[in-house]
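In order, the protein sequences belong to chains A and B. At position 674 of the first sequence the residue is numbered 673 (numbering that gives the first Met the number 0), and the sequence of numbers has no breaks. At position 36 of the second sequence the residue is numbered 35 (numbering that gives the first Met the number 0), and the sequence of numbers has no breaks.
Do not take every clue at face value.
For the chain A half of the interface with chain B, some residues (derived, Cβ under 7 angstroms), not all of them [claimed, not checked]: (1) 333; (2) 334; (3) 336; (4) 337; (5) 348; (6) 352; (7) 401; (8) 402; (9) 500; (10) 569; (11) 633; (12) 636.
Bear in mind the hints are in silico, worked out from the structure with no lab data behind them. Glycine included, each C-beta is placed from N, C-alpha and C at the ideal position.
Each chain, written out:
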Amino acid sequence: MRLRAVLLSVALVAAARSASAEPEDPQCNGAVDVHAVDASTHQPVVAATVRIASELLGTTDETGHFLIADLCPATMTVIVERDDYNAAEAIVTVTATARSSVEIEMRLGGEVIEVHERAPDPPPMQSSTEVSGAALERSRGKSFTAAIAEVPGVTQLKSATGVAKPIIRGQFGRRLLLLVDGVRHRAQEWGLEHAPEVDPFVAEKIRVVRGAGGVRYGSDAIGGVVLVDPAALRREPGYNGELHLIGMSNGRGGSIAGRVQGVPRSLPKLSTMLEGSIKRSAALEAPDYALDNTGAFEWSAGATVDYDLTSSDYKLSYRRYQAELGVCACLRAHSIDDFLAQARAGTPVGADEFSADFAIDRPKQQVVHDTVIARGSWVRDKLGRFTSTFAFQHDLRREYDVVRNADEAGAQYNFRLNSYELDGVFEHNPIHLSEHWHLRGAFGLSGLAQAHHYAGLHLVPPFTSLGAGAYAIERLIGHDVELELGARYDLTSRTAEIEKIDFQRLVRSGQLADGACGADIEPAKCSARYHTFTASSGALWRFAEPWSIRGELSVAQRAPNTDEQYLNGAAPTFPVLALGKPDLGPETTYGTSLTLGYAGTAVKAEASGFVNRIDDYIYFAPAIDDLGQPIIDTTIRGAFPRFTTRPIPALFFGADGGISAAPIKQLDLGAQVSLVRARNRATDGPLVLVPADHFRGSITYRPPDRWPLSNSFVTVTGTYVARKRGYDPAADFIPPPAGYFALGAEIGTETCTLGNKVKIALQGANLTNARYRDYTSLMRYYADEPGWQLWLRASVFFDSRKEQ
Amino acid sequence: MTLSKTSMLATLMLAACGSPGGGASNDEEVITTLVLSFAPTGGGVSITAEFDDPDGEGGQAGTAQPINLAAGSYTLTVGFQNRLEAPPEEITDEVRDEQEFHLVLFTGTAVAAAGPLTHSYGDQDANGLPVGLTSSVMARAGTGQLTVTLRHMPPEEPPVKAADTVMLAKQNGIETLGGSTDATATFLVTVP
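Chain B extracted, bound-state conformation (with noise of 0.2 angstroms):
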């Protein structure tokens, strides 16, 4: 009788439970995509490529598109966005709004000194210091990797971004920034 009583007794209470707030999914900090978009300065077609994780971390590995610029000058768009989410959702806003505490680092052999790319910032932030975002991309003949990094500096006022935070990055090794990565692929970049 008390064991009826009490499952009964259980089974109202778990019920009666609800959930520990905090969004259903709160899932605003997963990023699946990153997506370049080389716009030729002249005018023209952009060319795109994608670094895409379809189920989020685990399981099934991410993939990058390979990128196939012709010789020139682009403008260089960086995205993130979440396609758990339908619609996908543009983590790239959030970033803008948060322009301070965020960077857009590019590594790799093929913006090296004699890799394919020469990369310039072309947007800053309220302190004058660059995020990358928007770049300016000069092309020449060559093949090389291109890895982009997403990085979420350390939530310090005043922000630790700094002017030689870029050059470090490069001479150090990104590791030994503040903060934390929130988004990285690498992509192969071929100039014919």
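Chain A with its partners taken away, still in its complex shape (with noise of 0.2 angstroms):
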């Protein structure tokens, strides 16, 4: 937003310029641009206003330069100012035709308000949307998943529980990384039904990054990454806070969130923050009948104190989210001719007998996540930033089946990892190589230790997991040109303790050769150890205001993720027995991506297209004999087809956008597309779960504010899911569901009560309550998705610093 302004600001003082100045006059034809710096950082000023003695002409932005032009011979004083920093002069002289150019450098004021702002990390030369403000406001009370599930690129994959994960250019789990406050979030991200343990309440910004960014954030970034910002912590002296509540018509439940920020005055280094939500609802109801157990409770709860030194900064962190979500009873995943006479017949077998109650029985989940963050960063003047994060996540998940002896049985498959991580990263300051081109970077090393314990059915086994990192990014940022260079290098050691039933089944099933593990197998000892290499290369160039294109190209190696070398046993979403490949290797993506931005005033857009060849993709598919027939194992339970990972050839691209239009003052009209497109190379078919391509508009009306409301708006949505083309019938079992239209909507308004902001919004979802399934929700194979739902959200924001 300020942002904007800023550049709306230069344009209309430029323009105003032009107008003025004789441009017909050959003697004026002179230029200089005026480049602000921090003097000890050498970080950009942005935002300063520059003058001519005391002709305003415009602020320095983003990079913090600013052209003058349309200048006649002539030597004078420019003169940079910004509050917090004390004026600074330059003397040039400038020549009929020739632009110079003048870096003027900064000193932080005596006695001032510290702003800690920091120059904004450059864009991404992937392409990348941020969700903040209202658009996050829109998903309070909603998963996680739901938050991004609106920003192109990116599709929910749902589970039976009613939560999902995130897929982004048709990857998740496994190759779609999330970082909370600058940490991986570390869970059990392999499983379909396992969604991402985290509080959306807790994000005041989430940015989604499309496209592998595998040098900053790890190896396996291939889809893209997933960025959750915490609220910014308070730096004056008071207390800040805001409380929503959130009622749900489908689930007839409702949250309550609340954070809470101080800054004693006694000690106003110290920033404090508690926040904290929970949620209850019941099962959810489709159009024509209840969606049986899908009751949810959730809580988290988080407390922050930051520590802040004008050199350095000291920050821990405590977060807790647990849940207990009810598994829809419609599921029937126990057989392979149950799951089919679900998956055909339409409507759930005794979906007579299905309540939306409360009550969360077997089949369900509960989960725990514990993450503490501990953080310092040093500033040194003449070198730069080093910033240090120590982080440990618990991670705890307990999934109970339909058993016998229910109340005493436990949970039939307990997962409980440990992560702890070191890592540290160096930002130097901006070097500057002349006065249009300067360098920013950084370095980074990184340490991971894990350990997972397992107890329950067959499924995976307990490891323990050492890894260690290390990076340089490096951005060479000119005017109108960026270009960046990366690489990373990854060492992952693991070591399984696979029982030796569970090693014998390996063996027999050819997945794993007699004595890979040694001679011991009472368990056996699997260790494997991957070298893994990332490189990636970026360039953007602002051909011309406010056109801009971006590209990358890179190369990055994953490591096989401990389930897709030892998944053994039934799998608990599908019919199928799954094996894991315990000889895998790291697989190679090799991606390109091509970004165009147009950033108007009027108008916003963005278009990118990617491709991403990767080279063994770790597959999960039907397991094929020697004569090319599916594998089924006979067992107890009746037959099953075998499914294993293994390396096969593939290849991803499509295409995303959006565009955002203000044609009149009170008008908004968007428009959103996803495709994405995924094939086998080595057979040309198609791969499971890539999702349909997806439209998506919107118009938003604001009237004009009328006292005491402002900021009112309605907001009418429309999504169409196209129908997926092509699947493959031994691996995704029935075709994909038609494709389906769902229209949404939303009114809302602010006002304010006592001093405080309060905003108010009614939304709905599915309101022409439409009997639809999605092809990447697991719930397609067995009901509808959720009829019509309202959510009615008030939120208070409240400051001791009263707005004037």
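Need the complex rebuilt from these two chains, each delivered in its own frame; the hints are there to steer you.
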């Protein structure tokens, strides 16, 4: 918002000058490129005003630049000012035609309000979207994944618990990184039914980077990266906070969430934050029947303290997320006959008995996720900033199946993953190569230790893992052009303890050579070590304001996950027998993407195309015997198709983009599209769970403010999801569901009560109560998606420093 | 230095972690073996046939022994075991404890109209509905396939099992019932 205002004012000033000056005068074609930088850090000084004598010319842009054009030959003094800096000036001599440039160093003022704004991170070379403000508020009370589901290129992989995980450009789970407060979320992300254990209320801003972001974030960021930024800490004495109340019609539930931040007057360097949320809902209802047992109970709590000394900063935070999620009683994955009978029936077996009550019975999931983050950062004037983060994450997941003796049986699948990470990043100060070019960059080291404990029905083994990584990334920044190069190396070492019976099963199935894990197989200790390399290059060219084009080329290697190596048992989600491949090698992605952007004042648009060729893509698919027939295992629960993980050559490509336009002040029009295609290059067959084409359009009307209401709006949204084209009957079991159209709407406003901002909104989804199934929802095999749904949200924002 | 400190720290912490609980192996739901025992009503030696999957699901497929009966009437008892445990765990008792939620179904050509076996349930749960752990069987000359299925009915209260459940399963297929299959095996029946 502020950036747009700055750009706008710069544009206006520039327009005014070219109109008032006499451009025809050949004597007055001189120009001066002013570059304002911080004297100690050499970071650009953004939004500083530039003037010559008393004539105000404009403000510097996000790179600290401002161009003064149409100058007549003379010697003049250029003055640059910003509240928190001492004014600085430079004497420039303008010649008739040549363009000169001047770098003006600015020093922080003596007794000023401390402004902690660092230069923003340079824009990623991939296409990216930020979800914050109103867009994020719209998703309050829904799942974390719903918060980013409206971003181009993002779709939801919904599970039978009603929660979902994000899919970006056809990749999810293992190939998609989620970073919360800069720390990678470590959980059982491999499971299709395992939604991210993140409370969406934590986020003040969510950034979605589409495309490989492996160098900075970890080599397995093949599909993209989701960065969850918690609320910015308060820096001035006083307190502020917010409280949200949300009620939902379908599920007859609601959420309460709140956050309080405070800085004591006696200790102005100490910033504290407390936050928490609680959500309870009954089972959801599809148009014709209840989705029995999909009730949910979730809560989360967190505390953060931060001590900020000007040249260093120390932060400690703890968060817990806990949830009990009922799995739809309509799920039938215990045998292929039951599964297919249900999938083909149209209406779930026993739907007459289904009820939308609050009780959460078996089958259900219980999850707990704890995160502790300790972070210190130190600024050295002449060098840059060093940041070190230690993070501990504890992820506990218990899954309860329908069993005999349920009161005493406990959970059938118990996963506990403890992750310890330590990383250090050094961001050097911008290095000025010339007046027009400077270099920004960072070097980082990271270490990871993980221990996974497992108890329950045979599925995945316990393991311990150690990893280390090193990376460097540099960006050459010019006025209109930015170039980036990065490289990363990771070493992963892992030892899994496989029970004798599981080991023998892998050997008998041909997935593992006998003796591959030594002579002692009680249990077999299978070790693997991977060296993976990632490199990327990117370029950004603002070829004609407000147009820009970005491109990147990358090669990334991802080490296989433990489940891909050692999965061994009946998968809880699908009626298949799953077998991992312990000796899998890393998969290698060669990716490229091109993004065209337009950032005008009335129209903003971005369109992006991508191609990812993945060699040795680790794919979970039906096992085929020597004669080309699917392998069926006969067990005491009937016949099961055997699925194995194995490397295949794959190709993903597609396009996504969005446009928002304001033809008149009160009206916003938006449109988005997401297209992904994926092929097995060996067979030219389709891959499973690659989203169907998504199209979305919205119209928002913002009436003029009328006291006491402000920022009122009405939005109507339409989403069309096409039928997925192409499917593999052996791997997908039933054909993709028909396409569907979902209608949504929202009305909201803002007011002030006792000096506190209050926001109220009513939102509706699937307003036509359409019966539909979604290709990337696991529910599609069992039941329809939920019917119409209303959310009523009320939020109060308070601050000890009342707005004037 | 940092690195060695880190690895030391990591080692300490890893060592401190516990198991996620929920029982050491939690195999109470696993069934490896289904045992049919035909006791002649007039007395004599019982004839047994097993379906046994010694390594559980996956790997080696289970095998079913043939059923060879002399013509006559028998009391058939069905048993379920988990032989991955030592000594083998008797699952039949658990089924009997929750008989309102379990149903053993007998299908296949062996119990069809022209088949060699005539089957009738010999036990009832608390609601007066068949369970199938004990049955009466009449054998006459012929051959056919007998599929024995242990169905775990949905955990709804009141129980979903009804008077017509067996009939519906035979008519429309077991997969059209609610709940899930805990064990199923097909045997070849020969009555000379």
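- Message: Hint compliance check: list the failing hint numbers for this structure, sorted ascending.
- Response: none
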